[in-house]
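4 protein chains.
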Amino acid sequence: MSDAEIRVAVLGARGRMGAEAVQAVTDAEDMQLVAELGRGDARETIVEAGATHIVDLSVPDATEDNVRFAVEHGIHAVVGATGWDDEKLSRLQDLLSEHPDVGVLIAPNFALGSVLATAFAAKAAQYFESAEVVELHHPNKVDAPSGTAARTAQLMGRARRDAGVAPSPDATQKDPDGARGAVVEDIHVHAVRLRGLVAHQEVLLGSPGEQLTIRHDSFDRASFMPGVLLGLRTAASRPGLTHGLDGYLDLGL
Amino acid sequence: MSDAEIRVAVLGARGRMGAEAVQAVTDAEDMQLVAELGRGDARETIVEAGATHIVDLSVPDATEDNVRFAVEHGIHAVVGATGWDDEKLSRLQDLLSEHPDVGVLIAPNFALGSVLATAFAAKAAQYFESAEVVELHHPNKVDAPSGTAARTAQLMGRARRDAGVAPSPDATQKDPDGARGAVVEDIHVHAVRLRGLVAHQEVLLGSPGEQLTIRHDSFDRASFMPGVLLGLRTAASRPGLTHGLDGYLDLGL
Amino acid sequence: MSDAEIRVAVLGARGRMGAEAVQAVTDAEDMQLVAELGRGDARETIVEAGATHIVDLSVPDATEDNVRFAVEHGIHAVVGATGWDDEKLSRLQDLLSEHPDVGVLIAPNFALGSVLATAFAAKAAQYFESAEVVELHHPNKVDAPSGTAARTAQLMGRARRDAGVAPSPDATQKDPDGARGAVVEDIHVHAVRLRGLVAHQEVLLGSPGEQLTIRHDSFDRASFMPGVLLGLRTAASRPGLTHGLDGYLDLGL
Amino acid sequence: MSDAEIRVAVLGARGRMGAEAVQAVTDAEDMQLVAELGRGDARETIVEAGATHIVDLSVPDATEDNVRFAVEHGIHAVVGATGWDDEKLSRLQDLLSEHPDVGVLIAPNFALGSVLATAFAAKAAQYFESAEVVELHHPNKVDAPSGTAARTAQLMGRARRDAGVAPSPDATQKDPDGARGAVVEDIHVHAVRLRGLVAHQEVLLGSPGEQLTIRHDSFDRASFMPGVLLGLRTAASRPGLTHGLDGYLDLGL
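Protein chains in written order, with UniProt numbering: chain A, 1 to 253; chain B, 1 to 253; chain C, 1 to 253; chain D, 1 to 253.
Read the hints as simulated data drawn from the structure, not as lab findings. By construction, the Cβ of each residue, glycine as well, lies at the ideal position given by its N, Cα and C atoms. It cannot be assumed that every hint is accurate.
Taking CB as the label site, the calculated pair distances span [claimed, not checked]: (1) A/G38 / C/R14: 33 to 39 Å; (2) D/E185 / A/G164: 37 to 43 Å; (3) B/S97 / C/S237: 37 to 43 Å; (4) A/G244 / D/E5: 39 to 45 Å; (5) C/E5 / A/K174: 33 to 39 Å; (6) C/Q154 / B/R158: 42 to 48 Å.
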């Protein structure tokens, strides 16, 4: 075992994302998979296995304890589990201040393309007169619009407001059935549901004579793994809490 | 002057569409422009000029008299003017039964691409599990969804019902702001408004493992002229009333 | 067992397409799976099981014998196997003339969306000044352009020539590296290879002021099964040989 | 006249871009148009009119003298004229070192959307396994691929090489007619020519399970004016030479 090696314990290893992560870490030449934990397994295994990093893909009621355990043992953490509200984040930040060498990444989305698309959309939104979002998903999805689309629209709307951009022009007077969709932070958001699709998003920006379109297609949860590996490779060099994978990308946005 | 020649009088020649039509007829090698009429000009000019066809791009309160005048004089008519309700159409059909050699085309849309897109969408809709429509227009448009999108959705919805296809699956339970858009004949229709755009429509059809997309972009009213010329070239060989340019296309749909 | 039932034997049942077909037939309420044959299994099983139809997804050197066996026993056939050259097709047609009640469908492509996209493209091509094809596939594909794109371009090119349409305008004088792509029947064809994709095709048609785009996305071989089932439901009512699934669609194109 | 005002002389004012610039400056509330110069007009007019900025949209053999004249008189310059080779740029930089308060922007492209699309593409290219470019233009264009597409591919290719990314995977063995297009810095570039289009570009990035698409559509040269105005508003605060409008955008890329 070399000191430089990234020794990874996967938590939530029996879920679908967990199984993908186990495979991805196993396939990565610069990493070693040292433990796989599921619900009920003892956290001590992480330490006994000599893990330098955890990937936490467990459930909302377990993730806080998992991450705190890692931090207390000087182990870096890449976290895809949900349920991190402001209170939990604040408690984690307090703990991290006592362990200044440990890096934790909490990322609601590990798809690099999606993270880039959102960052680009937020950046570009201030330079165009009009901005809208269309998200397209499989028809089994229960909420509309998607969380990613709502967050993208929020970031775009805020960037436009900060730059003093007026709301997108819209002369609509008659729309009895709601064809213009939802409005999030002054940005219209449309949700399409179509059999055959997985998760897709299109940001449309328009000015006189030109249009910029930023589209992300997610076909498979395999798309999350490059982001997870990037997280693992970067966490040790970014002590403290990073929220969102974009914090690890060299975007300068 | 050859007998075979298409000799065209343009009515409503001083409007924007009329001016385009005057230009298009002038440029067509197999046609001759013989008269340009605006509001207040005497209809007799059409006959005196020896017109074999009229293009009527006048206003709703003039078009019926214009077309009846043409039919009574054995002149074929290609009509883009609006305002043809069922009553006027019925009266016209009665008149045409007395002039069995005359052909009249009344077309709400002369853009070949748009007419084809709608026909293909209506045809394909029955073969897919899911179907939605997204229309995109300039932000000065006052109504949503567009008339073309509503008509496309109607035709798609009816074709699906006639073929016994179930409504598109949709598990949405939470959509507080209406992101799912309008519903026309069981088809969800979304309206985007964006500076820089003109008139665009995308029909999305999905089944397990595949998607079919039929998109039409209208950048300029120049796009109507090939349809007007096709109408003029075809009217004499299609006696009676034809409603919609698709009736002149060899679609068999 | 009811006489009306479609009783299906799947040949080539152990391949990937075959396994999908076995599942699809099993799931179809109006069908019964009566036999699954792989390489080396005796064809007599088909008759003994009382099959009314076969789905042949076997290999090029077996498919002709399989289909002839079926026809000789009055069994309808839906064939996805490749290797049917003109000579084999001609021999099959001779055999079918002796069995006038039997229907055989040989289809190089069972994806309904792809078949519709090709038919629409061939139909629309004659109405536009410009026409090109872009196909996009996974990077493991060894040939470019794809067979489907080449066939689509051929059909489009022939339809344009039959209608007297001039080749697409192109003022290109300088293209040292071949960015304009391949030319098939006067239609430019471009091939993109991208990790993450499966099989996609975009037909682009342009005239002054407008564009028509027909795009098909194939994400998964599940997309072939609705076409296979449609073939099984239709074969008995279409005696003789039908080449291409479009022959079973009510396209009138 | 207020000191803060941007007082603009437009050079090359009788060309099509020049006429657009005259209009745009006239319409801008924070600017005053003080002179319009065409071929043969005396440069002294610029100084006599009290210009603080020039917009130079003249021709390759005049632009260097125009810009040097402006710099020598302490006037900022926004330059869209072409013909700036390394030698001219080097001479200009020498001159600017003697006038440290003057700002000059030389921009091959003033469309904000296009500049953003290129910057985003160059940034994102390093995070994906595959990368290609498709550009689409009107059929009167004489060169393929477009200069913008070639430059985008160059920037993407260099960014990938700098980040140690392998060339895009490609198993193509058989491509007799060149469907795979041109290759620029290991990036495949495809050129479509279609009546009805103006200038469009699509950057396609793919990894396992996901795709990122960045598309820019230029419908009209009106799209250049927001970039010209942004240049005029920014030049005074960016002394020295800036090459490319992206240098004035807060991209941090």
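Going down the list of hints, with the structure as the test:
1. Here the CB-CB span from A/G38 to C/R14 is close to 34 Å, well matched to the stated 33 to 39 Å.
2. Checked against the given bound of 37 to 43 Å, the beta carbons of D/E185 and A/G164, roughly 38 Å apart, stay inside it.
3. In this structure the supplied range 37 to 43 Å holds for B/S97 paired with C/S237, their Cβ-Cβ distance being about 39 Å.
4. As the Cβ distance of A/G244 to D/E5 is approximately 43 Å, the hint placing it in 39 to 45 Å holds.
5. A hinted range of 33 to 39 Å is violated for the C-beta pair C/E5 and A/K174, which are about 53 Å apart.
6. The hinted range of 42 to 48 Å is not satisfied by C/Q154 and B/R158, whose Cβ atoms lie roughly 34 Å apart.
Going through the hint list in order, the structure does not satisfy hints 5 and 6.
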